[in-house]
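Quick mapping for you: the protein sequence lines, in order, are chains E and A. Everything in the first sequence is counted per the numbering used here, starting at 1 for the first residue and increasing by one. Everything in the second sequence is counted per the numbering used here, starting at 115 for the first residue and increasing by one.
The hints are simulated quantities; they were obtained by calculation from the structure and are not laboratory data. Please read all numbers here as calculations on a predicted model, not as lab measurements. Treat the hints loosely; a few may be bogus.
[To be verified] A partial selection of chain A residues facing chain E, derived with a Cβ cut-off under 7 Å: (1) Tyr147; (2) Pro155; (3) Met159; (4) Pro216; (5) Phe219.
[Stated by the list, open to error] Derived BS3-like pairs (lysine-lysine); straight-line CA-CA distance at most 27 Å: (6) A:Lys221 with E:Lys57; (7) E:Lys9 with A:Lys169; (8) A:Lys192 with A:Lys169; (9) A:Lys221 with A:Lys192; (10) E:Lys57 with E:Lys9; (11) A:Lys221 with A:Lys169.
[Said to hold, decoys possible] Restraint-style ranges between C-beta atoms, simulated for each label pair: (12) A:Glu143 with E:Ser51: 19 to 27 Å; (13) E:Lys71 with A:Gln171: 34 to 42 Å; (14) E:Gly3 with A:Asn176: 17 to 25 Å; (15) A:Glu124 with E:Asn70: 40 to 48 Å; (16) A:Arg224 with E:Thr112: 20 to 28 Å; (17) A:Pro154 with E:Asn70: 25 to 33 Å; (18) A:Arg177 with E:Gly3: 19 to 27 Å; (19) A:Asn181 with E:Leu69: 25 to 33 Å; (20) A:Asn176 with E:Ala82: 38 to 46 Å; (21) E:Arg77 with A:Gln171: 38 to 46 Å.
Heads up, the beta-carbon is just placed ideally off N, CA and C, and yes, glycines get one too.
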Amino acid sequence: NAGVTQTPKFQVLKTGQSMTLQCAQDMNHNSMYWYRQDPGMGLRLIYYSASEGTTDKGEVPNGYNVSRLNKREFSLRLESAAPSQTSVYFCASSGLGLAINEQFFGPGTRLTVL
Amino acid sequence: AQTVTQSQPEMSVQEAETVTLSCTYDTSESDYYLFWYKQPPSRQMILVIRQEAYKQQNATENRFSVNFQKAAKSFSLKISDSQLGDAAMYFCAYKYNSGNTPLVFGKGTRLSVIA
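Based on the provided sequences and hints, a complete structural model is requested.
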């Protein structure tokens, strides 16, 4: 099992450009999450998807959109990138029952917006 | 809203010694989970230990143990016999035990291990 995979691992954008961060999990998990990590701020939730077909805003959703393409995939889109979106982005997933309370993380994407 | 506070931005420990990382949280709920995650320079988030709030017994995983004080809303991590590979950022996290609620993270503590 690959667990949670993210692409790309690194990306540099210019202000105003758009891009989509991809996330996939092969653990048959229902729930998926997008976090951003900034220095001194810990991880903050951007959006999450409790199940296929549903999405909800987290703490810092402005400037982002998400799509739960199917049970495996959850993408994060920046329509018009801004320097304030320079960060490391993590995708995570969690299962059902007792497993719902443990999240598994991808390796992260380091995004720089110039 | 729930909050998690890690009051030690940086800590250091001598190899083979013991170190304790502090975490406090604020919640009005009684049923929740607490976690410690380790983030080495590779950036990968690794679950170190978890604690269910309804369990009075402190969780232990090899050299890692917690001191869970529910009334005080305190959840510290003790690392015994510290190793060079323990050097990392450590994040404390809270999760309300209700469906797919997300994790709430503290800002982290950077641990250095001195040989």
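Hints, verified against the model:
1. Proximity of Tyr147 of chain A to chain E holds as hinted, the smallest CB-CB distance being about 5 Å (cut-off 7 Å).
2. The interface hint given for Pro155 of chain A is broken, as the beta carbon of that residue sits about 12 Å from the closest beta carbon of chain E, more than 7 Å.
3. Contact between Met159 of chain A and chain E, as hinted, is supported at the beta carbon level, the nearest pair being about 4 Å apart and thus within 7 Å.
4. For Pro216 of chain A, the shortest C-beta to C-beta distance to chain E is roughly 5 Å, which falls under 7 Å, so the interface hint holds.
5. At its closest, the beta carbon of Phe219 of chain A sits 4 Å from a beta carbon of chain E; the interface hint therefore holds under the 7 Å criterion.
6. At most 27 Å may separate the alpha-carbon atoms for a hinted pair to count; Lys221 of chain A and Lys57 of chain E meet this at roughly 21 Å.
7. For the suggested pair Lys9 of chain E and Lys169 of chain A, the alpha carbons sit about 39 Å apart, so the restraint of at most 27 Å is broken.
8. Restraint check for Lys192 of chain A and Lys169 of chain A: the C-alpha separation of about 18 Å stays at or below 27 Å, so the hint holds.
9. For the suggested pair Lys221 of chain A and Lys192 of chain A, the alpha carbons sit about 18 Å apart, so the restraint of at most 27 Å is met.
10. For a cut-off of 27 Å, the pair hint linking Lys57 of chain E to Lys9 of chain E stands: about 24 Å separates their Cα positions.
11. Pair hint Lys221 of chain A plus Lys169 of chain A holds up; C-alpha atoms about 25 Å apart against a cutoff of 27 Å.
12. The hinted range of 19 to 27 Å is satisfied by Glu143 of chain A and Ser51 of chain E, whose Cβ atoms lie roughly 22 Å apart.
13. Checked against the hint of 34 to 42 Å, the pair Lys71 of chain E and Gln171 of chain A passes, with Cβ atoms roughly 36 Å apart.
14. Between Gly3 of chain E and Asn176 of chain A the Cβ separation comes to about 22 Å, which falls inside the hinted range of 17 to 25 Å.
15. For Glu124 of chain A and Asn70 of chain E, the hinted distance range of 40 to 48 Å is satisfied, since their beta carbons lie about 42 Å from each other.
16. Under the hint 20 to 28 Å, the C-beta atoms of Arg224 of chain A and Thr112 of chain E, about 22 Å apart, fit the expected range.
17. Distance hint check for Pro154 of chain A and Asn70 of chain E: the Cβ-Cβ separation is about 32 Å, which falls inside the suggested range of 25 to 33 Å.
18. Look at Arg177 of chain A against Gly3 of chain E: about 24 Å separates their beta carbons, and that is inside 19 to 27 Å.
19. A hinted range of 25 to 33 Å is violated for the C-beta pair Asn181 of chain A and Leu69 of chain E, which are about 43 Å apart.
20. Taken as a hint, the range 38 to 46 Å holds for the pair Asn176 of chain A and Ala82 of chain E, whose Cβ atoms sit roughly 44 Å apart.
21. Between Arg77 of chain E and Gln171 of chain A the beta carbon distance is about 44 Å. The supplied range of 38 to 46 Å therefore holds.
Violated hints for the displayed structure, listed by number in ascending order: 2, 7, 19.
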